[in-house]
Amino acid sequence: MSLWEHANPKKFMSLSGFILPYISTLSMILLSWGLLWGFFFTPDEVRQGSTVKIIYLHVPTGLLAINGWFVMLVGSLIWLIRRHHVSALIAKATAPVGLIMTIIAILTGAIWGQPMWGTFWAWDPRLTSFLILFLFYLGYISLWKTIQNPEKAADLTSLLCIVGTVFAILSRYAVNFWNQGLHQGASLSLDKTENISNTFYIPLLISIAGFLTLFLTLVLIKTRTEIRLRRLSNLHLIESRS
Amino acid sequence: MPDLGKYTETVLGAYGISISIIVLFVLWTARRARIVKQELKKLEARSQNKN
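Protein sequences appear in the order of chains V and U.
Going by the working numbering, the first sequence opens with residue 38, and the numbers climb by one from there.
Going by the working numbering, the second sequence opens with residue 2, and the numbers climb by one from there.
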């Protein structure tokens, strides 16, 4: 079976309906496990004290804010090239979830920053890129709502998504491009020697898995809702014509 | 409750705000999904009755 068969709304609804109970249960288990372990059973860090516990919220949501945009990018490119409506709807459904992750990352970062850096905010390359990414999320969602014609909306939002990808990339790599700013480098790396200590690393990985499965659950639910809304709109159109 | 020391408000504030946002968003998403599903069911039933 080709992957493109799931571009068919009926097939997508069938597969997503099957997956949803499992992935939502998994997200509840992993999220609870990661956050409870991180909050209750990890020690304070030497320099950061108990504020290190914010890492279990801040890092996963930051990662998903950036990677959510890449999910939208893939959906948008598939729409532009193959004109599969389901891919455009996946991109549309992902945006609010990505926006929420961005908001939580910014807020937890600000709350964490105050005791550590003495400020809630700094015009640091990474933070600034992240703020612009937040504005792009808002713009993307607004553009979908503004344009009545769904195909035109999908085209224009896809182009906006491509442009906004620059800031998703900058949010991740700004620390490498500009060797300045308050925000530290990556907490996670494929190079084990660069990682934070295992005491924090393992619950952080579980937390990331929890947030990732939550992200997938919400995107699936919202995509299913968008497909139903499209069907509703078509039925209303048929009713009004008859 | 672990001893969070002088950062108690900071850490609890971060967790409180984040979990509240997540819970509210999940509830809103689920509610909207349920409403749209019910609306579609009604309209499809109406279309079938007409046919």
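Keep in mind that the hints were calculated from the coordinates and are not lab data.
There's no promise every hint is true.
[Unchecked claim] Each computed SDA-like pair below joins lysine to any residue, with the alpha-carbon atoms no more than 25 angstroms apart:
#	chain 1	residue 1	chain 2	residue 2
1	V	Lys48	V	Trp154
2	V	Lys182	U	Lys7
3	V	Lys47	U	Ile20
4	V	Lys47	V	Trp70
5	V	Lys189	U	Lys7
6	V	Lys48	V	Leu144
7	V	Lys189	V	Ile199
8	V	Lys48	V	Val111
9	U	Lys38	V	Ile199
10	U	Lys7	V	Leu144
11	U	Lys38	V	Leu144
12	U	Lys7	U	Ile20
[To be verified] Pair by pair, the computed Cβ-Cβ distance ranges are:
#	chain 1	residue 1	chain 2	residue 2	range
13	U	Ser48	V	Phe157	52 to 60 angstroms
14	V	Trp74	U	Val24	14 to 22 angstroms
15	U	Arg35	V	Arg84	45 to 53 angstroms
We treat Cβ as the ideally placed atom computed from N, Cα and C, and that holds for glycine.
Hint check results:
| no. | hint | in the structure |
| --- | --- | --- |
| 1 | V:Lys48 <-> V:Trp154 | 50 angstroms, violated |
| 2 | V:Lys182 <-> U:Lys7 | 45 angstroms, violated |
| 3 | V:Lys47 <-> U:Ile20 | 34 angstroms, violated |
| 4 | V:Lys47 <-> V:Trp70 | 35 angstroms, violated |
| 5 | V:Lys189 <-> U:Lys7 | 53 angstroms, violated |
| 6 | V:Lys48 <-> V:Leu144 | 38 angstroms, violated |
| 7 | V:Lys189 <-> V:Ile199 | 16 angstroms, holds |
| 8 | V:Lys48 <-> V:Val111 | 19 angstroms, holds |
| 9 | U:Lys38 <-> V:Ile199 | 32 angstroms, violated |
| 10 | U:Lys7 <-> V:Leu144 | 20 angstroms, holds |
| 11 | U:Lys38 <-> V:Leu144 | 33 angstroms, violated |
| 12 | U:Lys7 <-> U:Ile20 | 22 angstroms, holds |
| 13 | U:Ser48 <-> V:Phe157: 52 to 60 angstroms | 54 angstroms, holds |
| 14 | V:Trp74 <-> U:Val24: 14 to 22 angstroms | 20 angstroms, holds |
| 15 | U:Arg35 <-> V:Arg84: 45 to 53 angstroms | 47 angstroms, holds |
Checked against the numbered hints listed earlier, the structure breaks hints 1, 2, 3, 4, 5, 6, 9 and 11; every other hint is satisfied.
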